[in-house]
Amino acid sequence: MIAELGLAALWLAAALAALQTVAGFLSVRAGQGAEIAALIRPASMMQGLLVAFSFAMLLWLFAITDLSVKLVAANSHVDKPLIYKLSGTWGNHEGSMLLWVTVMAAAGALIAAVEHRLPERTMYATLGAQGLVALGFYGFLLLSSNPFERLPVPALQGMGLNPLLQDIGLALHPPTLYFGYVGLSVAFSFAVGALLTRSVTPDFARAMRPWVLGAWVFLTLGITAGSYWAYYELGWGGWWFWDPVENASLMPWLAATALLHSASVLASRDALRTWTIMLGVVAFSMSMIGTFLVRSGILTSVHAFAVDPERGTFILVLLTLYIGGALLLFALRANTISEGKRFSVTSREGALVFNNVMLSAILAIVLLGTLYPLLTEAFNVRVSVGPPYFNPVGAIFFMPMLLVMGVGPLLRWREDRPDRIRSELALFAALIIAAIVLLSLLVEIALLPLLGLAMGLGLAVASFMPLRSRQLGRIPAATWGMVLAHFGITVALIGMASESAFSEEELVALSAGESATVGPWTVTLEAVEPVAGPNWTAIQGRLSARYGDSEPVVLAPQARSFWAPPQQTTESALSTRWNGQLYAVIGDPAGEGRFQLRLWWKPFVTLIWYGGVVIALGGVLALIGHVLNDLRRRHRERRLDEQRSEEEALGILSGEERL
Amino acid sequence: MRTLKPKHQRLVLVVVALIALLAAGLLAAYALRSQASYFYLPEQLLADPPEIGQPVRLGGMVEEGSLATDSDGVTMRFMVTGRENSRIPVRFSGIAPDLFVEGSGVVAEGRLASNGVFVADNLLAKHDENYVPRELQDMEQHQAAEMAEETTVGLE
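Just so you know, the sequences run in chain order A and B. Residue numbering for the first sequence follows this note's numbering, starting at 1 and increasing by one per position. Residue numbering for the second sequence follows this note's numbering, starting at 660 and increasing by one per position.
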């Protein structure tokens, strides 16, 4: 019954999306005052509620492990802890697509409920577009990946969930990522809405900006969480593998970052109109391409659940329709968008344009690297593209962008003279050069990490320079947000560079009582013992690790064997200090009572994820700042209006008196 | 740029963006040709070996009875076999993936050393029923084809 309720709600939501689309576009044609327009917002909100209900039903099915539902039987197991039963809801193709449309519908419902700043006609077009995109994905879900399908005969226990996914990471990473990923659909719909009604204005950018910021914050957190999860769960000691699926989440982030910056130019200075619209379309297109890459099974990865050509074709068709349609609309309407204001090369706008172009170039590089293996496969040549391509080629564009990020916020809008910020420039350059010289003299270090560390140190100071000679109490929250986000980039950069420059690795076979050293650590294998969990057994190494002469800490890496499905995983053990992390993995027996141990000492590696969190925090501050600003502005306008009408009323009164 | 009309400024911006994207594309194309790591089957590796030290991937079957661990306990040596009796010696230092066993498929990431040994940095084996490295999906078919070939020899 519960499954049927969920399915019915999903069909109803699809019907409402169709209604929303038709009503939206009819109202745009009819203009202001069309009666059908009254349906749009309620349809959108209702749709959000229905899909949320449907998703709740699937959660419920997983919570009670209803084995008559095919999806539950195939991906869950009666013996699994409740938290993994729940998070297992989206640990499979159908469930994660349902989460996808849930976020999409929720975003649509939210703009329908609270967004009243734009002209109504633009909102009709925006909600119409949102409905149209949602409709396609409802179709995909209902026609080719129904999550509520019943089994003719209920299963006995269920097949279980991939043990790699039985981790708290699965509870956090996909939902956060999806909020960002799919939240960008709002930017897409806004862009389409503005194009259709020819209303690309600073007001439009101000209305769009908080939505993009919100999605971007989630995306940043999702990527950060995913990276940390892969780091400790896979047991490979790496934090970013340039896996196609990771790239699929990075590409929308790059586009959204560019969009944020160009939207702020449009909002403050009324320039970069077409560019902002283009990025709005590109950002969500990247989300859809990512979904296609991940969900079609065309690429192999631990993330790719569905290996079903029919589904791939379905998403590809959707992708072509939406991206192609939006680009066509853009091509038709771009020249009707009037040009914005001019600016000189050395200005805040100039720096932001540079940042945008560099981000787009990096996006192109990541996209080409991700698609290249698919391209060559068409010619029967199999290749894989990894760090030797992405790192240096990306850095060529990333480094100049970072330099400009350091000085751009110091420039004035419209026009500025570089010699006005002479001393800041000199300080920034001096810091970087000094760091390069010192580091290359003191330690042996490869070029990229050297540049990364030097720039990180220079930027750590430069990111706070916009605050100089200002009263700290009077700086708007949005500016604090920018400073913090830029500082977060710096922190993450230092973490990445330090990890790749100073990591030490030790691979040994030890018997109980023997020790190995890695960096400043001395690690002793005390014992190897069997342990058991709710649905696994493991061999666990008990290590005592001593940093220098300090008190030893106990680490317990495990090699786990799950029985549903039968699979082994390695559980790494970490010891975190302020200046880095010790990372330990236990492997197979190595004969003569020895066990393989792999140890890493990674100085300052944690800065990578702290950086990610700081970036997101900056985004939150900027979001709060913009929303507060907006409320204040609207309050002021309302007061002005009231005053004016009062004055008018008084005028009329006095006129009447005169009569 | 101060004297430019807005329309011209937009043109300049578009041109600048296009040039940057074009540069990125060309750079990517160049780098991809030289940096992408190619996939080799054992017979291909013998017939047309890659340059010494160039990162490539080697995929094949781990020969039964060939797996041996050095006395350090962490260096493994085994043979990867392909069609036409091709065999490549592989050396790997590290913790092998869980489903890495003799007689199963493996993809080794690494490079060919000058002594003809393939030095692997990383081994990819079948992860679970649902996740098989792409290269290994075909491997099983090709193995099946080989089996069929062998069993049908002389029947005609």
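Since the hints were made in silico from the structure, they are not lab data. None of these values were measured; they are calculated from a predicted model. Quick reminder that beta carbons are idealized off the backbone N, C-alpha and C, glycines included. Be careful, since some hints might not be right.
Chain B stretches covered by chain A per the calculated footprint, using a threshold of three residues with CB under 8 Å from any CB of chain A [unchecked claim]:
1. 702-712
2. 727-733
3. 751-760
Some chain A residues judged to face chain B by a derived CB distance under 10 Å, without partners named [claimed, not checked]:
4. M46
5. L49
6. F53
7. R269
8. A271
9. R273
10. T376
11. A378
12. F379
13. S384
14. E504
15. A509
16. V585
17. G587
18. F595
19. L597
A few chain A residues that don't get close to chain B, going by computed Cβ distances all over 12 Å [as the list claims (entries may be wrong)]:
20. A63
21. E246
22. M278
23. I396
24. N535
25. V554
A quick look at each hint next to the structure:
{"no.": "1", "hint": "702-712", "verdict": "violated (count 0)"}
{"no.": "2", "hint": "727-733", "verdict": "holds (count 4)"}
{"no.": "3", "hint": "751-760", "verdict": "holds (count 6)"}
{"no.": "4", "hint": "M46", "verdict": "violated (37 Å)"}
{"no.": "5", "hint": "L49", "verdict": "violated (34 Å)"}
{"no.": "6", "hint": "F53", "verdict": "violated (30 Å)"}
{"no.": "7", "hint": "R269", "verdict": "violated (12 Å)"}
{"no.": "8", "hint": "A271", "verdict": "holds (9 Å)"}
{"no.": "9", "hint": "R273", "verdict": "holds (9 Å)"}
{"no.": "10", "hint": "T376", "verdict": "holds (8 Å)"}
{"no.": "11", "hint": "A378", "verdict": "violated (14 Å)"}
{"no.": "12", "hint": "F379", "verdict": "violated (12 Å)"}
{"no.": "13", "hint": "S384", "verdict": "holds (5 Å)"}
{"no.": "14", "hint": "E504", "verdict": "violated (15 Å)"}
{"no.": "15", "hint": "A509", "verdict": "holds (2 Å)"}
{"no.": "16", "hint": "V585", "verdict": "holds (6 Å)"}
{"no.": "17", "hint": "G587", "verdict": "holds (3 Å)"}
{"no.": "18", "hint": "F595", "verdict": "holds (8 Å)"}
{"no.": "19", "hint": "L597", "verdict": "holds (9 Å)"}
{"no.": "20", "hint": "A63", "verdict": "holds (23 Å)"}
{"no.": "21", "hint": "E246", "verdict": "holds (16 Å)"}
{"no.": "22", "hint": "M278", "verdict": "violated (10 Å)"}
{"no.": "23", "hint": "I396", "verdict": "violated (7 Å)"}
{"no.": "24", "hint": "N535", "verdict": "holds (15 Å)"}
{"no.": "25", "hint": "V554", "verdict": "holds (21 Å)"}
Hints 1, 4, 5, 6, 7, 11, 12, 14, 22, 23, counting from the list given before, are not met by this structure.
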